[in-house]
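Participant: Take a look at the letters that make up each chain.
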Amino acid sequence: MQFEPIIGLEVHCQLATRSKLFCSCATTFGVAANHQVCPVCLGMPGTLPVINTLAVDYAVRLALAVGAKLNTRSIFSRKQYFYPDLPKGYQITQYDQPYCEGGEITVDQNTRVRLTRIHLEEDAGKNLHGPDASYCDYNRAGMPLVEIVSQPEIGSAVAAADYLRSLRSLVRHLGISDGNLEEGSFRCDANVSLRLKGTSKLGTRCEIKNLNSFRNVERAINYEIQRQGDILEKGGKIVQHTLLFDADSGRTAPMRAKEESHDYRYMPDPDLPPLCLSADRIEKISKDLPELPQAMAARFIETYSLPDSSATLLTSDRDLAAYFESVNSKVDGKVAAKIVANWVIGEFLPVATELNWDLTKPNIDAAHLAGLLQLLGDNVISSKIAKNVFEEMVKNGESASDIVERLGLTQVTDQSSITALIDQVIEANPDQLRQFLSGKEKIFGFFVGQVMKLSHGKMNPALVNSILTEKLARRRE
Amino acid sequence: MSGDAAGRAASIDSSTVRRVAGLANLVLTDEEVSYYQRHLSRILDYVGELASIPRQDVGEFDSTTLAFALKPQERLDQTQPSLDPEVALVNAAKTSGTTFQVPRIID
Amino acid sequence: MSDLRPFSLSAAEISQRVHAGDISIREVADFYVQRTEAYASKLNTHLYWNASNIAAQVKDQESKLKSGLKLPLAGVPVLIKDNICTRGVPTTCASKMLENFRPPYDAHVVERLVAAGALIFGKTNCDEFAMGSTSENSAYGPVRNPWNIDYVPGGSSGGSAAAVAADLAPVALGTDTGGSIRQPAAFCGIYGLKPTYGTVSRYGLIAYGSSLDQIGPFARTVADTALLFDVISGHDRRDSTSRAIPPFQTRNGLGTADISLEGKRIGIVKEFFSAGLDEPTRQALSKAVDVYKDLGAEIEEVSLPSLKYSISAYYLIATAEASANLARFDGIRYGQRQEEAGATLRDVYQQTRSHGFGTEVKQRIMLGTFVLSAGYYDAYYAKATAARRLISTEFTSAFANVDWLISPTSPTTAFRLGEKIDDPLAMYLSDICTLAVNLAGLPALSVPCGWDEKGLPIGMQLIGPPLSEEALLKGALAYEQTAKHIGSRIPQF
Numbered sequence: 008m009q010f011e012p013i014i015g016l017e018v019h020c021q022l023a024t025r026s027k028l029f030c031s032c033a034t035t036f037g038v039a040a041n042h043q044v045c046p047v048c049l050g051m052p053g054t055l056p057v058i059n060t061l062a063v064d065y066a067v068r069l070a071l072a073v074g075a076k077l078n079t080r081s082i083f084s085r086k087q088y089f090y091p092d093l094p095k096g097y098q099i100t101q102y103d104q105p106y107c108e109g110g111e112i113t114v115d116q117n118t119r120v121r122l123t124r125i126h127l128e129e130d131a132g133k134n135l136h137g138p139d140a141s142y143c144d145y146n147r148a149g150m151p152l153v154e155i156v157s158q159p160e161i162g163s164a165v166a167a168a169d170y171l172r173s174l175r176s177l178v179r180h181l182g183i184s185d186g187n188l189e190e191g192s193f194r195c196d197a198n199v200s201l202r203l204k205g206t207s208k209l210g211t212r213c214e215i216k217n218l219n220s221f222r223n224v225e226r227a228i229n230y231e232i233q234r235q236g237d238i239l240e241k242g243g244k245i246v247q248h249t250l251l252f253d254a255d256s257g258r259t260a261p262m263r264a265k266e267e268s269h270d271y272r273y274m275p276d277p278d279l280p281p282l283c284l285s286a287d288r289i290e291k292i293s294k295d296l297p298e299l300p301q302a303m304a305a306r307f308i309e310t311y312s313l314p315d316s317s318a319t320l321l322t323s324d325r326d327l328a329a330y331f332e333s334v335n336s337k338v339d340g341k342v343a344a345k346i347v348a349n350w351v352i353g354e355f356l357p358v359a360t361e362l363n364w365d366l367t368k369p370n371i372d373a374a375h376l377a378g379l380l381q382l383l384g385d386n387v388i389s390s391k392i393a394k395n396v397f398e399e400m401v402k403n404g405e406s407a408s409d410i411v412e413r414l415g416l417t418q419v420t421d422q423s424s425i426t427a428l429i430d431q432v433i434e435a436n437p438d439q440l441r442q443f444l445s446g447k448e449k450i451f452g453f454f455v456g457q458v459m460k461l462s463h464g465k466m467n468p469a470l471v472n473s474i475l476t477e478k479l480a481r482r483r484e
Numbered sequence: 127m128s129g130d131a132a133g134r135a136a137s138i139d140s141s142t143v144r145r146v147a148g149l150a151n152l153v154l155t156d157e158e159v160s161y162y163q164r165h166l167s168r169i170l171d172y173v174g175e176l177a178s179i180p181r182q183d184v185g186e187f188d189s190t191t192l193a194f195a196l197k198p199q200e201r202l203d204q205t206q207p208s209l210d211p212e213v214a215l216v217n218a219a220k221t222s223g224t225t226f227q228v229p230r231i232i233d
Numbered sequence: 016m017s018d019l020r021p022f023s024l025s026a027a028e029i030s031q032r033v034h035a036g037d038i039s040i041r042e043v044a045d046f047y048v049q050r051t052e053a054y055a056s057k058l059n060t061h062l063y064w065n066a067s068n069i070a071a072q073v074k075d076q077e078s079k080l081k082s083g084l085k086l087p088l089a090g091v092p093v094l095i096k097d098n099i100c101t102r103g104v105p106t107t108c109a110s111k112m113l114e115n116f117r118p119p120y121d122a123h124v125v126e127r128l129v130a131a132g133a134l135i136f137g138k139t140n141c142d143e144f145a146m147g148s149t150s151e152n153s154a155y156g157p158v159r160n161p162w163n164i165d166y167v168p169g170g171s172s173g174g175s176a177a178a179v180a181a182d183l184a185p186v187a188l189g190t191d192t193g194g195s196i197r198q199p200a201a202f203c204g205i206y207g208l209k210p211t212y213g214t215v216s217r218y219g220l221i222a223y224g225s226s227l228d229q230i231g232p233f234a235r236t237v238a239d240t241a242l243l244f245d246v247i248s249g250h251d252r253r254d255s256t257s258r259a260i261p262p263f264q265t266r267n268g269l270g271t272a273d274i275s276l277e278g279k280r281i282g283i284v285k286e287f288f289s290a291g292l293d294e295p296t297r298q299a300l301s302k303a304v305d306v307y308k309d310l311g312a313e314i315e316e317v318s319l320p321s322l323k324y325s326i327s328a329y330y331l332i333a334t335a336e337a338s339a340n341l342a343r344f345d346g347i348r349y350g351q352r353q354e355e356a357g358a359t360l361r362d363v364y365q366q367t368r369s370h371g372f373g374t375e376v377k378q379r380i381m382l383g384t385f386v387l388s389a390g391y392y393d394a395y396y397a398k399a400t401a402a403r404r405l406i407s408t409e410f411t412s413a414f415a416n417v418d419w420l421i422s423p424t425s426p427t428t429a430f431r432l433g434e435k436i437d438d439p440l441a442m443y444l445s446d447i448c449t450l451a452v453n454l455a456g457l458p459a460l461s462v463p464c465g466w467d468e469k470g471l472p473i474g475m476q477l478i479g480p481p482l483s484e485e486a487l488l489k490g491a492l493a494y495e496q497t498a499k500h501i502g503s504r505i506p507q508f
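Chain order of the listed sequences is A, B and C.
So the first sequence is residues 8 to 484, counted in our numbering.
So the second sequence is residues 127 to 233, counted in our numbering.
So the third sequence is residues 16 to 508, counted in our numbering.
Hints were generated in silico from the structure; no laboratory data involved.
Do not rely on the hints blindly, as some may be mistaken.
Claimed, not checked - Reference excerpt, derived from the structure (chain B facing chain A, CB under 7 angstroms, subset only):
id, residue
1, N151
2, T155
3, L196
4, P198
5, D203
6, T205
7, Q206
8, S208
9, L209
10, P211
11, A214
12, T225
13, F226
14, Q227
15, V228
16, R230
Glycine included, each C-beta is placed from N, C-alpha and C at the ideal position.
Pulled out of the complex, with its shape left as it was, chain A reads as follows (with noise of 0.2 angstroms):
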């Protein structure tokens, strides 16, 4: 039997508001425990829930980006359960007429993948586990949220995860989110089963919640992929469960021994209005997009001719497009575009990465890098030194020029020294050169680090490479 699996994910993504969604609240992360909370967020009674207008607007920029079609009137509904983050004993949420419907994720050129809906509601609460208790924290309860749910055609773990990468930079594009997942302000659900190759009909599926990391979401997915496929080559059942994913052990287990069917007997929520989006608004909003992800990447291999995987990478993270841009520009052409970013991503990046640099302010502001690179591009130092100079400015903040002259790092380009150097190298080592001569075109590379270690780098490699193949040449003759 061969089958194929079938994968649709859900969302929740918070929105980067300054105050919670129905509350005045600050949405602060870490901060202690039920010291960011109000009489509304609590749910205490006789409160009633008003609407934050920006969480409206960051939901409407989304839509606008995704290309989903927004409903000018959606209700907000109530969802009825009781657990202890859950203050009012229902969720504000949207169920029946949600604010906007379809839309499609682009992940790459050749892939799309369908949205069936978003729509905004309210956070529940942290609950926290003693060894005899459980403890509730209502500091989340009440932050905005938008649950984003793709179609069930998502083929394969990494698929799943490469849409993941996609819509994450796309809420940061947007600034509507942090995309955080371990804080927890982007949070994924994966709806697994498997079908038939061939037919049309969808498995049963089971739903693996609160993955909380891009690796372990592929992790999690290839191990159900795999335990459903087991059991129904086996000729089996799936049963349909609620699954968490126990990153230690690499399995899904489901959440609970016996599993509960809620009836969340949704109605509209009478203290709401309905939410009217009016034209003005949604130009307003869609006038004021930034330039997508997909777009931007676009631009970048057209106008400075990027390859496919560095221009993906650089619009990736808004901020970080940003910084090449403006080295590139301040490089003002000295080195090509290509090399700009080769230094954005293969050196700067990881730094920034590593000590956790905010990449709007990074310490080497993109005028110290564009100076390195200016250095390099005017040949006053060689690649190989502007790589040590790049970690002197990491340590102590100097402009490139500035380290260049303190350790007289500036490359030779003189030929008579180089000549005069190499020809003393030639001299020292006589076993090599014969080598050279009998045919051993590998001790080439001998001489240049020679050439280089007595020099201490600073001699202009393509120098010592042209001088030093015509000396070896005559001696051939």
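Keeping the supplied structure of chain A fixed, place chains B and C upon it in accordance with the hints.
Facilitator: This is chains B and C only, laid out in the frame that chain A set:
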């Protein structure tokens, strides 16, 4: 058995009463089940008259079926000071530090 | 010194005399403290009141007065139904569930009253969570009607109504979801106004039926009803269903009200007059209609056939909303909690709720849960909403031809304590005249218009189009100035 799709109301039976009580997290004695079954049945029989009303489009349903429409209201994204945690917890029967305590939840 | 006598003071008069320096806020407070001490227990109108709390308020209001602030309710004692939150003071909804609940905030209406100079004189008894028509569903004993203490005062705002009728305070606030201000006003022989939905903020009102609830005033004069309504009305940003309008100024309109009703068209709602009226009620209403005729109004019969669905629509919508509104009472964040050793989370939920809620509340929660549950939504809740729309539309059409509608507030006068408590459906059916008004969100005023042969009061209901409170009050004033009921008898208790 209880009302079918056409809304022809019939009595509510005791197992339904128990199921509904469970959904609402209420525990009922047998006597209470019997009491509520009797009274809820009478009420549901009475409200069966609604069956004769033609159903309207789903799109029409919302909470504001008043004689006038409620206008949407939104709030600017500004913060106000939150409650002091002591105040937030002052009415709780069982607390631990600044959290509300419940019996251990098994997930 | 004090010439203060029972049943002789109105809120308007108190405020005016306090401002004039004629009497002090302290004197007013002392007078009503004495009334409360003497009678509140007997009538069981109060769930909370505290003399030193009142004394502290007296001081506050006196210094505000001294600083020259204009206070429309200067020194006026106001009682608050116990489902309205008052900061730091127990707010129980007459339920065991909230026995010691002290909200950390005031309801919007309470803030307004205090800003206007009022003294929050206590919290009144009612049906538990406002669910009931007699105030017998209280966990703290029933309220008694001052006109005959073996009779119910009506509900759910029976405590507030009885207290005002007995002059334990000149005015009080109640809440009305299906008639819970108007019907007790009628049973107690006073005025009760249910405002247009959205004109009085629900912030701080512990919700029962969110799309139906409104807070409104009880008073013994039209002028006081208007005064209180003006103070509590107007937009509140904390309530998304609150209309974006400034506070009303009906009081101003009343001063210049002329008695003649020439040109006014009044509709008699046919469906309300066939609903099993008792004879005294029928006669009193007939006489009242004659008064309006004599004042020049045109009377015509109006038929609203969809009204026959009111009870069904109301009890399905209100209980559905209530079942969700009361889901938050689980013992974890506030309210009483039942937890035995070794209890699981579900045990805590179930024991707390089963122990904390009374019979009628549980019944309505279950009814509401049932109608929203899987497979039943369309047959019940959706149909009820459709019925609601029909009713609203019919009212709107009627108001194209008449200025206001008249009906009895209740088909009968008050009945004996215990008489209907074992028959919830019969109880629901007695609300026939008031429920439709909440379904449509309209304003309605109960006006005392006589007594039956037992000496129990009769009320008539004036219903107007949205935001027509001033017209209704004027209509009531015209009637009162002609018929001269108020003050012609006082209850003996």
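Participant: None of the hints should be skipped; say for each whether it holds.
Facilitator: Now for the hints, and whether the structure bears them out:
{"no.": "1", "hint": "N151", "result": "holds (6 angstroms)"}
{"no.": "2", "hint": "T155", "result": "violated (21 angstroms)"}
{"no.": "3", "hint": "L196", "result": "holds (4 angstroms)"}
{"no.": "4", "hint": "P198", "result": "holds (5 angstroms)"}
{"no.": "5", "hint": "D203", "result": "holds (4 angstroms)"}
{"no.": "6", "hint": "T205", "result": "holds (4 angstroms)"}
{"no.": "7", "hint": "Q206", "result": "holds (4 angstroms)"}
{"no.": "8", "hint": "S208", "result": "holds (5 angstroms)"}
{"no.": "9", "hint": "L209", "result": "holds (5 angstroms)"}
{"no.": "10", "hint": "P211", "result": "holds (5 angstroms)"}
{"no.": "11", "hint": "A214", "result": "holds (5 angstroms)"}
{"no.": "12", "hint": "T225", "result": "holds (4 angstroms)"}
{"no.": "13", "hint": "F226", "result": "holds (4 angstroms)"}
{"no.": "14", "hint": "Q227", "result": "holds (5 angstroms)"}
{"no.": "15", "hint": "V228", "result": "holds (5 angstroms)"}
{"no.": "16", "hint": "R230", "result": "holds (5 angstroms)"}
The structure fails hint 2 only (numbered hints given earlier).
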